[in-house]
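Generate the whole structure from the sequences, applying the supplied hints.
In this text, residue positions in the sequence shown follow UniProt numbering: the first is 1, and each later residue adds one.
If you are wondering where the hints come from, they were derived from the structure by calculation, not from laboratory data. These numbers come from a predicted model, not from an experiment. Take the hints with a grain of salt, since some may be wrong.
[Said to hold, decoys possible] Simulated pairs of lysine to aspartate or glutamate, DMTMM-like, Cα-Cα distance not exceeding 25 angstroms:
hint, residue 1, residue 2
1, K173, D139
2, K173, E141
3, K155, D106
4, K173, D104
5, K155, D100
6, K155, D167
7, K173, E107
8, K173, D106
9, K155, D104
10, K173, D145
11, K173, D186
12, K173, D148
13, K155, E107
14, K173, E193
15, K155, D186
16, K173, E190
17, K155, D86
18, K155, E190
19, K155, E193
20, K155, D120
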Amino acid sequence: MERRQILLGSGAALVTVLAGCSSDETGNGSNSDGTDDEPPADDDTADTGDGATGTDGTKKDKDKTDGTHDDKDKTDDSNGDVPGLDDELTIDSWMISVTDISRDGDELTVVATTTTTNSDALRDKLESIASDMSDAVTDPEAFADAIDRVSWVLKHDGTMILSFYVDTQWVRKYSTGAMSREAFTDRVLETVEQP
Numbered sequence: 001m002e003r004r005q006i007l008l009g010s011g012a013a014l015v016t017v018l019a020g021c022s023s024d025e026t027g028n029g030s031n032s033d034g035t036d037d038e039p040p041a042d043d044d045t046a047d048t049g050d051g052a053t054g055t056d057g058t059k060k061d062k063d064k065t066d067g068t069h070d071d072k073d074k075t076d077d078s079n080g081d082v083p084g085l086d087d088e089l090t091i092d093s094w095m096i097s098v099t100d101i102s103r104d105g106d107e108l109t110v111v112a113t114t115t116t117t118n119s120d121a122l123r124d125k126l127e128s129i130a131s132d133m134s135d136a137v138t139d140p141e142a143f144a145d146a147i148d149r150v151s152w153v154l155k156h157d158g159t160m161i162l163s164f165y166v167d168t169q170w171v172r173k174y175s176t177g178a179m180s181r182e183a184f185t186d187r188v189l190e191t192v193e194q195p
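In structure tokens, the structure reads:
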């Protein structure tokens, strides 16, 4: 797996969030509505990112009409009420989905699962998640003031395939031009753990 390219995509997404850019300013050429990646035709339970799952149209936890929530409810303070972060971060993709967001002090950990280990596909998808992350970060300044580190854990079939963290100070320096893309990438690469 091309760690450098995958991390560049993830770092770029975080830079976009903290810089407060919209998805229209990313210039990556992909559709922000997720239509550029279709789920496999033989997978009738894939999450299409529209809030429904499967072919029966049953809504996910937060959209239940009976007012109840399942155990994945994010309003139980499991994310530590991160300032500037909406209750849920969802990625509009069948290829990558966020399974857990937790806060421990000034560190936010995002655990995501992927249906592929193809490095090109992962890089492309991670580069396009900026708009999804932008939707979840409602106040980039408050978020950056409260969180010093965002740790990412990427899993495939229940096994960690990659983890790394991004220090928000690195992101601030990179987004203002005080740190080059290469230096930013090198710092993030130093944090990578792979099995």
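Evaluated hints:
no.	hint	in the structure
1	K173 to D139	holds (18 angstroms)
2	K173 to E141	holds (14 angstroms)
3	K155 to D106	holds (23 angstroms)
4	K173 to D104	holds (24 angstroms)
5	K155 to D100	holds (11 angstroms)
6	K155 to D167	holds (21 angstroms)
7	K173 to E107	holds (18 angstroms)
8	K173 to D106	holds (18 angstroms)
9	K155 to D104	holds (20 angstroms)
10	K173 to D145	holds (14 angstroms)
11	K173 to D186	holds (14 angstroms)
12	K173 to D148	holds (13 angstroms)
13	K155 to E107	holds (19 angstroms)
14	K173 to E193	holds (24 angstroms)
15	K155 to D186	holds (22 angstroms)
16	K173 to E190	holds (17 angstroms)
17	K155 to D86	holds (23 angstroms)
18	K155 to E190	holds (19 angstroms)
19	K155 to E193	holds (12 angstroms)
20	K155 to D120	holds (16 angstroms)
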